[in-house]
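J.: Each chain is listed here by its residues.
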Amino acid sequence: MKVEVLLFASLRDLTGADRLTVELGENASVTDLLDSIADQHPFLKERVALTRVAIDDRFAAAEDLIPPESELALIPPVSGG
Amino acid sequence: MKVEVLLFASLRDLTGADRLTVELGENASVTDLLDSIADQHPFLKERVALTRVAIDDRFAAAEDLIPPESELALIPPVSGG
Amino acid sequence: MASDSTQYHAELVSSTIDVSEQTAWLADPGCGAVLVFCGNVRDSNQGQAVTRIEYQAYESMALSQLREVAKSLLDAGATRALAVHRLGMLEVGETSILLGISLPHRKDGFQLLERGMEQIKTTVPIWKHEHYVDGNVAWIEGS
Amino acid sequence: MASDSTQYHAELVSSTIDVSEQTAWLADPGCGAVLVFCGNVRDSNQGQAVTRIEYQAYESMALSQLREVAKSLLDAGATRALAVHRLGMLEVGETSILLGISLPHRKDGFQLLERGMEQIKTTVPIWKHEHYVDGNVAWIEGS
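Residue numbers (the working numbering), protein chains in the order written: chain L, 95 to 175; chain R, 95 to 175; chain G, 257 to 399; chain U, 257 to 399.
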């Protein structure tokens, strides 16, 4: 399946976009998503290592599966407050 | 010498006054002052044990001497804030 | 522990945070202690002179994470909890975050407030874009 | 360490403490953190329903001790420190004490604020005269 992943902060500047499109296999996990991003967008490879994934407004664990129709986002280390 | 000692909170209510007069020997210490109060105003005896003395707006130690012309006060345990 | 949703509040705002209004909301007749933390934009960061900071958020998630912070402060004993984060461009001295709690006694308040700020600094998806005197800008990631 | 006397302020007041005005004074372009503690009159104490509290002070000493608290917060790292105590009769919900600090980073702020409150609660000669629903009154000595 094809998914969209929201981008923020430096990832937006780096890509010039506020989202990425990623091609994923069935039953892909968060780890698979990050691997696919690194494969399909190699210039993000190093950044992805430091980045968490959110599924529907919640931080996801590495082994969580990506549900269809969910809102996905890459969350670099936060600095609000 | 004769000194005046300022009173606050329950000590004021207990004595019906905002100050006490106490007769002191020469070179009296804070301990001497408290002993003299307990002697000369026996109904304050139990209260004096819990009370600190201030000399000129500062807490005094037991062995400090009472300087002439100083402002003296009995300070029950505080409860401000 | 169940948290009464009328007792906590989280908000993302785009203009000045009214500290006194927010603090007034925290007051409760059963509470002897109200504690408020304000995070303000500093004029320097790691040796560089800062002129202003733009705060960018993943808004839907930031709001739900801020709510989690406020809720967890109630669960930890606060009577009321309030978390307000401002977004957009802020000048030096302006308040970006207000975190406040009220509770019956002051004793646990200080560490609760600290814990809430730690939680905000690590779990709420908001990022600083710092603008420097020399015209440069930088995203701050991690704090 | 020498404390700059323009950077701390202590005051005894007889009317409402203006929290926002006081908090505004704490702000400083070099400070990323402002912390404020407000002590409010609670509607009960040790199981008794409280209607109001009168605060009595040994005023000259209370002011000098409050100044010491503020000064010692600067010595401990705060950039600005503020201690305001209200005297006289206060209704439930009103603020009797405001203690505030600002500092470059939040890290030490929480424990500094707590330490300052402990110092106020043990060294400033002010006493509560509590008024209860049943018409009784009592001096509180020790806290």
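Don't read these hints as lab results, they were simulated from the structure.
Hints should not be assumed to be uniformly reliable.
What the hints assert, rightly or not - Subject to a maximum C-alpha distance of 25 Å in a straight line, what follows is the list of computed SDA-like cross-link-like pairs (lysine to any residue): (1) U:377 x G:265; (2) G:363 x U:274; (3) U:363 x U:303; (4) U:377 x U:286; (5) G:363 x U:298; (6) U:363 x G:285; (7) G:363 x G:298; (8) G:363 x U:260.
Claimed, not checked - These stretches of chain G come out as covered by chain L in the derived footprint (C-beta under 8 Å, 3 or more residues): (9) 284-291; (10) 295-303; (11) 368-377; (12) 380-388.
Since this is a predicted model, take the numbers as computed values, not measurements.
Think of the CB as a built atom: it goes at the ideal place given N, C-alpha and C, for glycine as much as any other residue.
J.: Evaluate each hint against the coordinates.
T.: These are the hints, each one checked on the structure:
1. U:377 x G:265: This hinted pair is violated, its Cα atoms lying about 31 Å apart.
2. G:363 x U:274: holds, 24 Å
3. U:363 x U:303: violated, 36 Å
4. U:377 x U:286: violated, 30 Å
5. G:363 x U:298: holds, 15 Å
6. U:363 x G:285: violated, 30 Å
7. G:363 x G:298: violated, 30 Å
8. G:363 x U:260: With a Cα-Cα distance of about 30 Å, the restraint between residue 363 (chain G) and residue 260 (chain U) is violated, given a limit of 25 Å.
9. 284-291: violated (count 0)
10. 295-303: It is violated, with 1 qualifying residues against the three required.
11. 368-377: Check passed, 3 qualifying residues.
12. 380-388: It holds: at least three residues are needed, and the stretch 380-388 of chain G offers 6 whose Cβ sits within less than 8 Å of chain L.
Hints 1, 3, 4, 6, 7, 8, 9 and 10 from the list above are not met by this structure, while the remaining hints are.
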